[in-house]
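Generate the whole structure from the sequences, applying the supplied hints.
One line per chain: the protein sequences are A and B, in this order.
Each residue of the first sequence is one higher than the one before, starting from 1 at the first, in my numbering.
Each residue of the second sequence is one higher than the one before, starting from 1001 at the first, in my numbering.
Don't read these hints as lab results, they were simulated from the structure.
These numbers come from a predicted model, not from an experiment.
Check before you lean on any hint, since a few could be wrong.
Derived pair list, reagent style BS3-like, types lysine-lysine, alpha-carbon separation capped at 25 Å [as the list claims (entries may be wrong)]: (1) B:1075 - A:281; (2) B:1043 - A:272; (3) A:348 - A:137; (4) B:1016 - A:272; (5) A:380 - B:1034; (6) A:17 - A:223; (7) A:260 - A:271.
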Amino acid sequence: MKKDENYINSIRTIREKCIGCTHCLRICSTEAIRVRNRKMELYDLKCIDCGECFKVCPTGSIYSFYDNIDIVKKFDYNILIVPNILPSVNFGLLSYEDVIKRLSSFGFNEIWEEGIGNEAYLIALKKTLKEKKDTIKPIIPTSCPAIVRLLQVNYPLLINNLTVINLPLDILGNYIKEKRKNIKSFGLFYLSTYPCKITALKNPLGLKSSPFNGVFSLSDIYKKVLVEKNEGSGEFFKSGKVGVSSGRRGGEEDFLEDFKVISIDGIWNIKKFFDEMEEEKIPYFDYIDAKACSLGCVGGVFLKNQNFLLNFYNQREEEKRRKSLMSDIIENDIDEFLKDESLLLTEKINPRPQYLLSENMDLAAKIFQEVNTIYDLLPKLDCGSCGAPSCRSFAEDVVLNKIKLTECKFIEEKNL
Amino acid sequence: MENQPLLVESFKITGKDYENGGEASSKIKSILKKLGISPVIIKKVSICAYESEMNIVIYAFEGEITLNVYKDRIKVVAKDVGPGIEDLELAMKEGYSTAPPEAIELGFGAGMGLPNIKNNSDRMKIETEIGKGTTLTFEVDLNEKR
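What follows is the structure in structure tokens.
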């Protein structure tokens, strides 16, 4: 799949369904949302695709872009990578194996677990921690694309802490692509539970192109699996315990037990931690296992009606069922995974701060003071009825001419 | 150098308020980010601002930190009402500290505060009067690429 530089995020809204209720406004960690004329509006460049807005939307008007499953028909031979948290998803009476068989019937000749990529990623990371002493610490992973984007838009001081190791998903994608290069018409796909990974495949960070040909969303596939009656016979490649555990909070920490690792889950917790890291208030750590979703990827966003605490439990149960620590493929072919071409990012990930008041410092200082003047007039309740997430962001919007001061209900009353 | 500051912001600090210590420097950091100051400069100023803020929290009764942004430099003035510094030369020495036990228990008082400010700023000045208070001023130049 070619890289689409203009593809910024995967969050989409159905305008007719949106009632302008402001739930999404408050939950957004990068203040990317405004409500204008009773409809949600997204500042694309500020959005990091964490999907929290999707989780809280009461009317179901927020969804994520995904490819239609029919694109598999374009290829003669199809391979699907399933997310490492798929075992945690509740499919009612269907067992995990049943789900895989039904998925296979959609036209997949092979199904691979993403966890295999996570295993390769963790082995590479361990090697880096052991051998490359000059790496900037703590290392921040690329495995959660929402975190990478958060660093880009909000924490330019920490961008050099990002590891140069590829997204686990892309490591596995590159490996499969190389191994199956003799097959002529071959399509590689990913089943995503997160908008952040969809964006990461459409417009990969730190890579020139993506090994994938398309990406599906679990919320779309979920229904299809439930109603499907056929079972496919595609080959299934499983990860070990490590691959399964890396999808939940603390999994990576368990594997890297010789190092000083801290696991943080939930976008707001991570923001608080990064803020303190920027101010150098955090003691030494080798690695931060940061995952934007609550309890890690098991708290993924595409299945709203699932209880992520139960998902966490299910994932741990699956871990216990896995016999070996690592997948056989990793045991036998690790060197192939650790080749620089498939393992490392090829481009530097640069910051793109979205909080600047102006590119020009003089002007920014002037705007800042005007914002303060406006802010002093406001009730400081952060009620959200103006459509901005806080009084301060409203004041900024007013000064930047994005909204009129009278949109504040309290100012309105005073003037009348 | 005596041009008008582009921006002046002040923050009140309460002595012994360990719980909220560090908030003023966080706010300073977020203002500098909004102005588009380069990450390297922000890092230097944050470190110095945090150290001077904690000095007020640990040693003084109350104080105020004022951020001044000029075209060519950032100036921070940390002024407190407190005991003052008895031996300035000694206070500048790495590892020397007169921090009270509760500060040491919290991990402060390693005697790195003032040396850290000196190392991370381009200019630093301390005026102190025993029994009255201390005013610490530091500046970081903006000569590096923004």
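- Query: Hint by hint, which ones does the structure fall short of?
  - Reply: Result: no hint breaks.
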